[in-house]
Every structure is written in C-alpha cells, then in structure tokens.
Amino acid sequence: MQVTIKLFASLAESVGWREKVCTLSAGATVAEGWALATGEAALPPKVLCAVNLNYCALATVLNEADELAFFPPVTGG
Amino acid sequence: MTVLLKEAPFAPYTEVQNFAHSAFTSAGAFGATATFVGTMRDYNEGDAVRSMTLEHYPGMTERHLEGICGEARRRWTLLEALVVHRVGEVRPGEPIVLVAVWSAHRAEAFEACRFIMEDLKSKAPFWKKETLAEGTRWVTQNTSGVATPK
Chain A
260 MQVTIKLFAS LAESVGWREK VCTLSAGATV AEGWALATGE AALPPKVLCA
310 VNLNYCALAT VLNEADELAF FPPVTGG
Chain B
17 MTVLLKEAPF APYTEVQNFA HSAFTSAGAF GATATFVGTM RDYNEGDAVR
67 SMTLEHYPGM TERHLEGICG EARRRWTLLE ALVVHRVGEV RPGEPIVLVA
117 VWSAHRAEAF EACRFIMEDL KSKAPFWKKE TLAEGTRWVT QNTSGVATPK
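So the protein lines, in turn, are chains A and B. Going from the first sequence to this note's numbering is simple: count from 1 and add 259. Going from the second sequence to this note's numbering is simple: count from 1 and add 16.
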C-alpha cells in the first residue's frame with residue numbers, strides 16, 4: 260500500500276525532506292512507516308505523529324492512501 | 017465558531033468588533049466577551065529576536081482549532097467563539113493569536129477563553145522559528161500557562 264509521509268519544522272530540517280510517498284506492507288504501523296521512510300533512523304524523543312490529520316500512536320495501523328505526519332512538540336500561540 | 021489563519025498582520029480588536037457585529041443580530045445578545053491576544057516579544061531566553069516564522073500543518077491545524085472550539089462549546093454554554101492565528105513571518109509587536117469568546121455571563125467566557133488558549137498552546141500544530149542577530153533557532157517548547165503568585 261502507498262502512504263504519504265510528511266515531516267514538519269525542525270524534524271523536516273534534520274531529516275532533510277518534507278514529503279515522500281512510501282510503499283508499505285499491508286498492516287504496517289506508524290512506527291514501521293517512520294523506519295522505512297527514514298532508513299531506520301532513530302525516532303527523536305517527544306516526536307508527535309498524526310494519521311489523516313488526527314493525532315495517533317506509534318502502534319496505529321496504517322491503511323492505503325493514508326497521510327502520515329511526524330513533527331516536534333508544538334509551539335504556537 | 018470561526019477559525020482563521022492569516023498570513024498578514026491583523027488588528028485583533030477590530031476583528032473582535034467586526035465578528036460580533038456580523039455574528040449577533042443585536043448588541044444586547046451577549047453579556048460577556050473574553051479576549052486573549054498573544055503578541056510577539058522582541059526577546060526570548062535572553063536574546064534579542066528580530067522576527068519569527070510560524071510554520072503550520074495545513075488542514076490539521078484548522079481541524080484541530082475547530083475541534084478545540086467544539087470541545088469548549090460542549091463544556092460551557094457559549095454564544096460564539098473566534099480564533100485568529102498568524103502563520104508565516106511575524107515581527108515584534110505584531111499579534112500572533114486572538115481568542116475571543118462570547119457568552120451570557122462572565123464565568124463561561126473567562127473559562128472557555130482560557131481553555132481554548134491553553135489547548136491551542138499544547139496541541140495545535142504550529143512551530144515557531146526565531147531569527148536572531150546571528151542565525152535562526154526553533155522554539156522547542158511553550159512556557160507554562162500557570163502563573164506563579166508573587
């Protein structure tokens with residue numbers, strides 16, 4: 260299945276890209292999506308993740324055409 | 017309930033007046049308006065800050081802010097709420113965020129305004145990058161919303 264993976268802010272800068280489409284095995288989790296997209300890079304502490312614009316857990320199972328995002332703690336307002 | 021993201025500077029008190037004028041059929045329809053305006057400082061962590069860039073997650077940011085307003089409406093009896101937040105480059109003295117809440121009585125307006133602001137601070141996907149005299153740096157966390165009494 261294909262999943263779009265997006266990175267934001269300092270995480271995008273440190274990893275070196277902002278968006279890519281990855282092919283994952285059926286039943287893959289958010290954590291597995293991170294590992295595949297980044298070449299098994301260590302997930303920085305406190306990183307947040309979202310699937311289809313909603314916060315999720317690293318164990319969340321992905322589905323075809325999902326949009327998966329990773330980003331650092333938020334600092335708005 | 018209205019959420020607006022703005023790429024250009026905005027005048028928060030004009031936004032409040034214009035919104036109330038359009039949202040209510042009479043000036044006597046509400047008894048309380050609570051507002052919070054967050055403005056960019058020209059210093060942070062001991063350094064002068066020249067400007068700041070606010071990144072957001074298009075789609076998720078709006079959805080999350082609308083969700084916060086919806087949750088406030090479930091918790092308290094509110095008449096209206098308005099959230100305006102800047103994105104892009106912001107300069108010292110410019111408003112970053114406006115939260116305004118209208119209700120019949122003050123308690124609901126005060127509490128919902130605080131709730132929306134604190135939830136925005138801790139969960140809405142925005143990220144600040146400061147430009148200093150030398151280089152840039154990301155803001156890594158927001159300060160506590162709880163004041164320490166003197």
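If you're looking for bench data, these hints aren't it; they were derived computationally from the structure. Misleading hints may appear alongside valid ones.
The calculated lysine-lysine pairs, modelled on DSS-like cross-linking and capped at a C-alpha distance of 27 Å, are [as the list claims (entries may be wrong)]:
#1 K145(B) - K305(A)
#2 K166(B) - K279(A)
#3 K279(A) - K139(B)
#4 K279(A) - K305(A)
#5 K279(A) - K265(A)
#6 K145(B) - K265(A)
#7 K305(A) - K137(B)
#8 K279(A) - K145(B)
#9 K22(B) - K265(A)
#10 K166(B) - K305(A)
#11 K166(B) - K265(A)
As the structure is a prediction and not an experimental result, all values here were calculated from the model.
**Study point:** Hints not upheld, ascending by number
**Key:** Violated hints (numbers, rising): 2, 10 and 11; every other hint is consistent with the structure.
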